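> Now for the letters of each chain:
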Amino acid sequence: MSNKRQFLDGVVATMPLVIAAFPFGVVYGAMAQTIELTVLQTVGMSAIVFAGSSQFIAVTLLASAASFPIIVFTIFIVNLRHMLYSANLIKRVQHWPQYWRAPLAFWLTDETFAAVSGRLLTQSDASGLRWFYFGSAIFMYSFWQLSSLLGFLLGQTIPGLSDWGLEIAMIVAFIGIVVPALKARAEWVCALTAVVAGIFCYDWPHQTGLLFSAVIAIVAGLLVERGQA
Amino acid sequence: MNYWWLVFAMALVTFLPRYLPMAFANKLKLSPLLLRALEFVPIAVLSVIIAQASFYRGGELDVGFSNLHLLAATGAVITGIVTRQMFSTIVAGLLVFSMLKLIAG
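Keeping their order, the protein sequence lines are chains Y and C. Its first residue numbered 1, the first sequence is counted upward by one per residue in the numbering used here. Its first residue numbered 230, the second sequence is counted upward by one per residue in the numbering used here.
Since the hints were derived computationally from the structure, they do not count as laboratory data. Any given hint could turn out to be false.
Heads up, incomplete: computed chain Y residues facing chain C, CB under 7 angstroms, no partners named [to be verified]:
{"hint": "1", "residue": "76"}
{"hint": "2", "residue": "77"}
{"hint": "3", "residue": "82"}
{"hint": "4", "residue": "83"}
{"hint": "5", "residue": "90"}
Please read all numbers here as calculations on a predicted model, not as lab measurements. Where is the CB? At the ideal position from N, CA and C, for every residue including glycine.
Construct the complete structure from the given sequences, taking the supplied hints into account.
Spelled out as structure tokens, the structure:
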């Protein structure tokens with residue numbers, strides 16, 4: 001497949017995830033506007049940091065006048081799951097030059113990781129993957145800026161936007177990636193453990209429950225796999 | 230303190246976890262067990278996100294029929310198991326959600 005085709009495939013595969021993330025960007029922009037950030041500060045954070053959950057935490061904590069070190073530390077903890085994503089891609093990026101790896105790492109979000117994983121789970125041929133990834137990332141990045149800007153401009157004119165049930169798009173998009181990929185018993189055990197652990201650890205601070213649940217689920221998957229061998 | 234210093238620090242603690250494993254991909258010597266463990270990452274992390282987003286509404290655990298997100302997610306999971314296809318799974322989940330939303334008013 002040509003690089004252009006890979007790029008476009010990446011865009012198409014990320015479409016449902018971009019649609020799902022868009023309202024979150026709008027809500028972020030609106031929140032930033034209410035705590036009196038300027039438009040440059042609002043979109044600037046989206047452009048420089050580019051991490052939905054981090055940005056939500058930042059504006060929430062800024063509103064409650066938390067100190068800068070607290071904000072930065074919280075965001076660091078929340079972002080540790082990206083380290084798992086990055087480590088998952090180690091085998092795929094080994095022959096990529098660093099000038100590809102660094103920007104693609106900057107653009108590594110839940111959405112792009114989900115799209116890239118979806119592609120790897122359904123087609124094992126990883127050639128041209130960086131162009132697929134690039135397409136997914138650019139698409140996601142541009143719409144994130146656009147949604148932040150839109151949220152800022154709309155500001156408080158759309159109250160209760162977060163109650164619209166827009167989260168469903170993200171939920172079903174992730175289900176669409178995970179469920180069809182579940183084949184071996186170990187994978188099923190991993191997914192089910194993740195669900196149960198995730199429910200129990202929901203209240204843990206700074207999404208540490210997310211990390212803990214994921215690790216427990218991975219261990220469960222490995223144990224089942226070893227038990228069968 | 231300056232807002233942009235905060236943004237810069239945030240960018241750093243966001244970028245480093247994303248980049249470091251990739252940056253040292255050729256130098257890291259990971260055991261076969263660890264490599265296998267990492268292959269479970271997408272299933273594990275995405276499943277936790279799915280579970281937390283569908284079982285909790287407004288910060289409260291909700292397993293009743295009032296939780297439309299959970300019902301739609303269940304519909305999507307069943308479709309995914311039957312069709313083993315991403316597109317139909319997403320469409321089914323969104324359809325179930327819209328229908329329930331209409332019925333629930």
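> For every hint, state whether the structure bears it out.
Going down the list of hints, with the structure as the test:
Because the beta carbon of residue 76/Y sits about 4 angstroms from the nearest beta carbon in chain C, less than 7 angstroms, this interface hint is met. Interface hint at residue 77/Y: violated, since its Cβ lies 9 angstroms from the closest Cβ of chain C, which is beyond the 7 angstroms cut-off. For the restraint placing residue 82/Y at the interface with chain C, the shortest Cβ-Cβ distance is roughly 5 angstroms, inside the 7 angstroms limit, so the hint holds. With a cut of 7 angstroms, the hint placing residue 83/Y at the interface with chain C holds, because the nearest CB-to-CB distance is about 4 angstroms.
A least Cβ separation of about 4 angstroms between residue 90/Y and chain C falls short of the 7 angstroms threshold, and the interface hint therefore holds.
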